[in-house]
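**Q** Chains as they are written, first to last, in our numbering: chain A, 36 to 320; chain B, 36 to 320.
Honestly, I wouldn't trust all of these hints.
Since copy identity is lost for identical chains, a pair holds within one copy or between any two.
[Unchecked claim] Mimicking SDA-like on lysine to any residue, the simulated pairs with C-alpha atoms at most 25 Å apart in a straight line are:
id	residue 1	residue 2
1	K283	Y239
2	K283	W266
3	K43	E115
4	K62	E301
5	K42	D264
6	K43	L103
For the record, the hints were derived by calculation from the structure and aren't laboratory data.
In case you want the letters, here they are:
2 protein chains.
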Amino acid sequence: MMLDTSKKILIVGLGLIGGSYAKALRKLGFQISAITLKQEDIDYALQNGIIDFGYTEPLPEVIGQAELVIFALYPHVFLEWIASYQQYLRSGALLTDVTGVKGAIVERIQSMLRPDVEFIAAHPMAGREVYGVQNSDERIFRGANYIVTPTARNTEAAIQDCLELGRLMGFAHVSVLSPEKHDEMIGFVSQLTHCIAVSLMTCYDGEKLQDYTGDSFRDLTRIARINDDMWSELFLLNKDMLLDSMDKFLTEFTRLRTCLEHGDRETMRQMMRVSTERRAFFDKK
Amino acid sequence: MMLDTSKKILIVGLGLIGGSYAKALRKLGFQISAITLKQEDIDYALQNGIIDFGYTEPLPEVIGQAELVIFALYPHVFLEWIASYQQYLRSGALLTDVTGVKGAIVERIQSMLRPDVEFIAAHPMAGREVYGVQNSDERIFRGANYIVTPTARNTEAAIQDCLELGRLMGFAHVSVLSPEKHDEMIGFVSQLTHCIAVSLMTCYDGEKLQDYTGDSFRDLTRIARINDDMWSELFLLNKDMLLDSMDKFLTEFTRLRTCLEHGDRETMRQMMRVSTERRAFFDKK
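Put together the whole structure using the sequences plus the hints.
**A** In structure tokens form, the structure reads like this:
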């Protein structure tokens, strides 16, 4: 299929990301249906022109119309949904998702899926520290990265459609990674950073800290406001990769600590120079 | 003394912070002289209206005119400067600084200083990842914290003048802490965060990381571009407090790692909830 606006899109899970997808795609002219748990989220989305149709139940006739189905659910809910309702999917439908881990999900979904539909996984690397369709905003995709994680079961056509979806929604950088490489990367750049931010907030109970902080502390802990339900699930689903990232970080942090303890200024400076050199790449973009 | 614009101000060390002080104070109507190492920095500052007079040598007649002297030097250079040139200071002069650590500096300066001048220490908690008077910008003080760290040797008048200086330059929050409490706080909110950012950059040598990162990684490593000369000096001067902060962080980070390893989701969630609750205070300001 090609992504023209005649294609009917169904979004399952109308939270912050599902809502932002809906906004981005409806502005492009697509007809958007949504299935989500709460009637109040449907009402809000209809009143604010975010979707065309909304339902709180997985109605067979609604599911059966969609040519592109986007799942924006917690990983375990996504797995349960496919197991329970895939029989209603239209033959030839393309399925994609927004799940933050891939190794534990993609293979399981693809292996249980009907042969006449295709699931191509993707991860929009964008978010906010607030939740719900009420806070959805398609502008969070601007300047952000979008990663498609195909397996050997995927067709080239589906990969291209999924990449095009990312480009259409305004992501700055659209790329392809294997599920394994994705999870290694995400364990480092996203999950490890959240572990650091949480530990930084829990390790010190000083009062009035906010009166004495500089920007550095605020920046490092912005993501310390965290959805404990979702992130604990994502951490556990990527346990091995995340443990590996945590250990890599621990090794370097402990090395710096030892240098400081022994007054080894030259090694400390060398670490700072490597850090400065590597970080410069991020500002060149 | 009261800080009216008839007071002659001398800034020693015209880098990013010295230059930003000069800009802020000259806009308020003060006459600003500066002593700094490089003629090119003097030339730039004169051409851009940042200072009124500039010198590359510690001329006795220039030092002797100043009623307020602001030192924006590396800690060891500040100590050497006072030892070498304090005989030229005007009797009754008020001295202040911008040094990022206090315990290792304030007592040593005050105990070697002539009895007819007074040094009141302060720390403007503002900065940028670039250096030099060419990048100075008094707007970095807006919304930032300014901490005065008096000792028993200081007069109430000097403390009030120093607080007023912070308010005049536009700091959002001006406060008083003991040098010891300041160093404990700074070891946590500033030095520890820089240690984390550096370790995060040095622990992974993946290529093209910038193509896959989200905002969280960029935020956590913004300060990983670091002046190794200055920060290694500041770390070593606050060694005990920083080691203590690093150990507090290590304890929590290791606890989170252990929970993950053992699949203890409930304790992970509990840490995330504490983190979320504490971080919320920083957004209420």
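**Q** Take the hints in turn and mark each one as holding or not.
**A** Results of checking the hints against the structure:
1. Proximity of K283 and Y239 under a CA criterion of 25 Å is satisfied in both settings, with 23 Å inside one chain copy and 7 Å between copies.
2. Within a single copy, K283 and W266 get their C-alpha atoms as close as 21 Å, and across copies as close as 23 Å, so both meet the 25 Å cut-off.
3. For a Cα distance limit of 25 Å, the shortest separation of K43 from E115 inside one copy, 23 Å, qualifies, whereas the shortest one across copies, 74 Å, does not.
4. In this assembly of identical chains, K62 and E301 lie within 25 Å of each other by CA distance neither inside one copy nor across copies; the values are 55 Å within and 41 Å between.
5. For the homomeric pair K42 and D264, neither the shortest alpha-carbon distance inside one copy (34 Å) nor that between copies (59 Å) is at most 25 Å.
6. Proximity of K43 to L103 under the C-alpha cut-off of 25 Å is restricted to the intra-copy arrangement: shortest distance 6 Å within a copy versus 72 Å between copies.
Checked against the numbered hints given earlier, this structure breaks hints 4 and 5; the rest are met.
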